[in-house]
Amino acid sequence: MSKFNKKKGGELPAVNTASLPDIVFMLLFFFMVVTVLRKDNMLVQQKLPKADQVEKLKKDRSVFIYAGKPSSRYKEKFGTEGKIQIGDKYTDINSLEFALSEARTKLIPELQGKVVVGLKVDEQTNVGLLQDIKEKLRDLNMVKIIYITAPGNDVQQ
Amino acid sequence: MGRRATPEVNAGSMADIAFLLLIFFLVTTTIEKDKGIARQLPPKQDEQPPVDIKEKNIFVVTVNKENQILADNELMDIQDIRAAAISFLDNGGDGTCSYCKGEKDLASSDNPEKAIITVKSDRETSYKTYIQVQNELVAAYNFLRDRESERLFGFKFTKVKSAIATGDFKGNEERAQTKLKEIQALFPMKLSEAEAKKSQ
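In order, the protein sequence lines correspond to chains C and S. Under numbering that gives the first Met the number 0, the residue at position 73 of the first sequence is numbered 72, and the numbers go up by one with no gaps. Under numbering that gives the first Met the number 0, the residue at position 100 of the second sequence is numbered 99, and the numbers go up by one with no gaps.
One should not assume that every hint holds.
Claimed, not checked - Rough simulated footprint, nothing fancy, chain S against chain C, three-plus residues with beta-carbon under 8 Å:
| no. | region |
| --- | --- |
| 1 | 16-23 |
| 2 | 88-100 |
| 3 | 140-154 |
Unchecked claim - Among chain S residues calculated to face chain C with C-beta under 7 Å, some are:
| no. | residue |
| --- | --- |
| 4 | A4 |
| 5 | D15 |
| 6 | F18 |
| 7 | L19 |
| 8 | L20 |
| 9 | I22 |
| 10 | R122 |
| 11 | N134 |
| 12 | F142 |
These are calculated hints, taken from the structure and not from any lab test. For every residue, glycine included, the Cβ atom is placed at its ideal position computed from N, Cα and C.
So here's chain C without its partners, still in its complex pose (with noise of 0.2 Å):
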């Protein structure tokens, strides 16, 4: 009769959770490794266009210039025309090259002579401000460029 008594307690067995540290553990070192801190702090207004005939980016050969009227905290400071920026600071137009041969000696030797240039242009700035800083990438022979694009599209077919 003992025997039938002891399904007595009908509460449910507690759910062991001793394996809950691991799979969170698993998926927080899954975070830590793609995650990609952002190492220059945005300077310029960044909304990019869209485009949907796009390409992707080979990340490791790429150097980037962001340009775009300055963002809303520096608005006062630098006025409200477009400006360039590389890494984390404004530049000029002519200092342009020495920025750019900076940033190209961070990538590794073997694509420094493959080297593309991300353009990050935000949608309001002037096509002028682009046909300089192409102007000079030609100087530069740095011919490779892509123009970083947002995904969508706002022609309607």
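Take the given structure of chain C and dock chain S to it, following the hints.
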């Protein structure tokens, strides 16, 4: 009594700590996926050799500072650029292009080999419009390349190209690359850029 058993560390809060860290990394993670329109700038030359290009082989897209678009001397909306570029590239006016399905208009381009698209922009044109125009023109090329690759090999050019780029392509990659090259040769991308002119 030589050794006393070390008391077990209470690991119950381990999960909480790990969760805290996990949430921090979840929030800060931005998996960046930079994509864009790739271009090759023309190399710097001191003097440019004059090239004889017939006017009918050039499709000029002009964007003014009001972001209005003039394509082939017609005021056009951005929506119509793609179709206009496709009919220009696909025209095949001199009859040498066997795969073209265009109107064979003598006043338009001779064949895709010779057809050149030029984008002229003002210095005050907005970058948004500029990229939209570039995007539509690339779309025109991609449309034609897709059409030809489906006809010849039964796959979509753009799909296979992006699959190779992301490493998802199954099958013989080298053979696919040569096929892609063939398609590219059928419709070579000849997009030139004039320097932006100063607005008056």
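Hints, one by one, checked against the model:
Coverage of the region 16-23 of chain C by chain S holds. Counting CB-CB distances below 8 Å, 4 residues qualify, and the rule asks for three or more. Residues of the region 88-100 of chain C lying with their CB closer than 8 Å to a CB of chain S number 0, which falls below the three-residue condition for coverage. Check on the region 140-154 of chain C: 12 of its residues sit with their Cβ under 8 Å from a Cβ of chain S, so the three-residue criterion for coverage holds. Interface restraint check: A4 (chain S) against chain C, minimum CB-CB distance 20 Å, threshold 7 Å, status violated.
Proximity of D15 (chain S) to chain C is violated relative to the hint, the smallest CB-CB distance being about 9 Å (cut-off 7 Å). Interface hint status for F18 (chain S): upheld, as the beta-carbon distance to the closest one in chain C is roughly 6 Å, under 7 Å. With its C-beta approaching chain C no nearer than about 10 Å, L19 (chain S) sits outside the 7 Å limit, and its interface hint is violated. Below 7 Å, beta-carbon pairs count as interface contacts, and L20 (chain S) has one with chain C at about 5 Å; its hint therefore holds.
Hint status for I22 (chain S): violated, given a least beta-carbon distance of 9 Å to chain C, over 7 Å. The beta carbon of R122 (chain S) is positioned within 7 Å of a beta carbon in chain C (closest approach about 3 Å), and the interface hint is therefore held. Look at N134 (chain S): its Cβ gets to within about 4 Å of chain C, closer than 7 Å, so that hint holds up. The beta carbon of F142 (chain S) comes no nearer than 10 Å to any beta carbon in chain C, farther than 7 Å, and the hint placing it at the interface is violated.
Comparing the model with each numbered hint stated earlier shows that hints 2, 4, 5, 7, 9, 12 do not hold.
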